[in-house]
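Protein chains: 2
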Amino acid sequence: MPRYPGVSTSVMRRLPRYYRFLGEFMRTGVERISSREFAEIIGLTASQIRQDLSHFGGFGQQGYGYNVSSLHAEIGHILGLDQKQPIILIGAGNLGMAILNYMNFQSMGFELIGIFDRDPRVLGRIAQNQPILHSDGLSEFCRQHRPAAAILCIPRSAAVEIAPILVERGVRAFWNFSHYDLSLDFRDKMVSVENVHLGDSLMTLSFRLNNMLEDISDPVS
Amino acid sequence: MPRYPGVSTSVMRRLPRYYRFLGEFMRTGVERISSREFAEIIGLTASQIRQDLSHFGGFGQQGYGYNVSSLHAEIGHILGLDQKQPIILIGAGNLGMAILNYMNFQSMGFELIGIFDRDPRVLGRIAQNQPILHSDGLSEFCRQHRPAAAILCIPRSAAVEIAPILVERGVRAFWNFSHYDLSLDFRDKMVSVENVHLGDSLMTLSFRLNNMLEDISDPVS
Chain A
15 MPRYPGVSTS
25 VMRRLPRYYR
35 FLGEFMRTGV
45 ERISSREFAE
55 IIGLTASQIR
65 QDLSHFGGFG
75 QQGYGYNVSS
85 LHAEIGHILG
95 LDQKQPIILI
105 GAGNLGMAIL
115 NYMNFQSMGF
125 ELIGIFDRDP
135 RVLGRIAQNQ
145 PILHSDGLSE
155 FCRQHRPAAA
165 ILCIPRSAAV
175 EIAPILVERG
185 VRAFWNFSHY
195 DLSLDFRDKM
205 VSVENVHLGD
215 SLMTLSFRLN
225 NMLEDISDPV
235 S
Chain B
15 MPRYPGVSTS
25 VMRRLPRYYR
35 FLGEFMRTGV
45 ERISSREFAE
55 IIGLTASQIR
65 QDLSHFGGFG
75 QQGYGYNVSS
85 LHAEIGHILG
95 LDQKQPIILI
105 GAGNLGMAIL
115 NYMNFQSMGF
125 ELIGIFDRDP
135 RVLGRIAQNQ
145 PILHSDGLSE
155 FCRQHRPAAA
165 ILCIPRSAAV
175 EIAPILVERG
185 VRAFWNFSHY
195 DLSLDFRDKM
205 VSVENVHLGD
215 SLMTLSFRLN
225 NMLEDISDPV
235 S
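As you go down the protein sequences, you meet chains A and B in turn. Note that the first sequence covers residues 15 to 235 in our numbering. Note that the second sequence covers residues 15 to 235 in our numbering.
It should be emphasised that the hints constitute simulated quantities derived from the structure, not laboratory data. A portion of the hints provided could be inaccurate.
Put simply, identical chains are the same to the list, so a pair is met inside one copy or across any two.
[Said to hold, decoys possible] Pairs of lysine to any residue residues, derived as SDA-like cross-links and limited to a Cα-Cα distance of at most 20 Å, are as follows:
#, residue 1, residue 2
1, K98, L126
2, K203, P16
3, K98, R183
4, K98, G138
5, K203, I179
6, K203, N143
7, K203, E88
8, K203, I56
9, K98, T59
10, K98, H69
11, K203, E154
12, K98, N115
Model, not experiment: these values are computed from the prediction.
Bound-form chain A, shown alone (with noise of 0.2 Å):
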């Protein structure tokens, strides 16, 4: 059994939201609110606040609300966000590196462990205190260490390749990056992907400029 069985990929997505809005009441001073309140800020309404919470046993007290600080962590600890989880990235490009140097995986339950590249220009640099190691090694580098995670910032046709050998090494999560739906193969097997499409959230967002600016051209109907 999952830890938590049953919790939806809604409520589940809705988490790190939880998490990030409170870790910012907390950067203000907030100390308590009401799941009212919390609702008001975060754009939901306060049934479906309490509702999600209640999966992981419900954390508010009647005519109190919830205590902010003891709630993050609560959520935290739920995200797992308080594990190290060895991760490794494969390929370092720009976006790559963008990732490397933008996200704090220590804070978000992960552990870097090691960088791999094929670039020549880019093998033995360092960052984020470990240097850049050639990907032939990746498979020798997982029996040894064993990455429970990887971060793949490869184009499509090497992640298909790579993919594969990694969940054969233990890998148990992918963070994807290249233009290739994972999930689709890995869908029977306990492997978790998270398909990161840029390229959808752009579409999505030139969908609804252009299908509001019809509004704003044609104000007769």
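We have chain A already, so just place chain B on it with the hints.
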């Protein structure tokens, strides 16, 4: 009235995915596909696909299925990908540069018309055929060139400061990588915001990995 009123967020977010897969079918020489086959590959149900597309008129033919290239073109049109909405990028650090190198704006409904930063080390450099300009000139640039959209690759504090100025200058869409939910500021305005919270995605992966590992490490339950 928007061009496509009553389209839910979920439907809207599935469109880019349909578009991607259809593009893939085209590349591999698939000329037509039934909603059942399409559903199988994309991991949805046939009736969901049919229902989603019915918001835009419905495109399949009973007994024939979908013509792949014409459905691809239709969805591209619905998404506005055949438009050239002027877009600017603010913040040419690692993340901004990765986005410039990684995204093909022209195939996604946008035309990049300006890049801005404050860092003297990057000013004047060329990226995507554009010189990186000083942010001080941003307001005047908007007055002259009327960007419809902006990509924010700047810290939270800068985003909070710059976004309202851009909105005043006519920007109607933000692709927001700053760690700040801009959408909440503009929820009553005609402004579209796509917040990209990479951290949320990584936290979700952490949850899924740990929730699953619990499963592996606890064979008794």
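Which of the stated hints cannot be reconciled with the structure, identified by number in ascending sequence? 4, 6, 7, 9, 10 and 11
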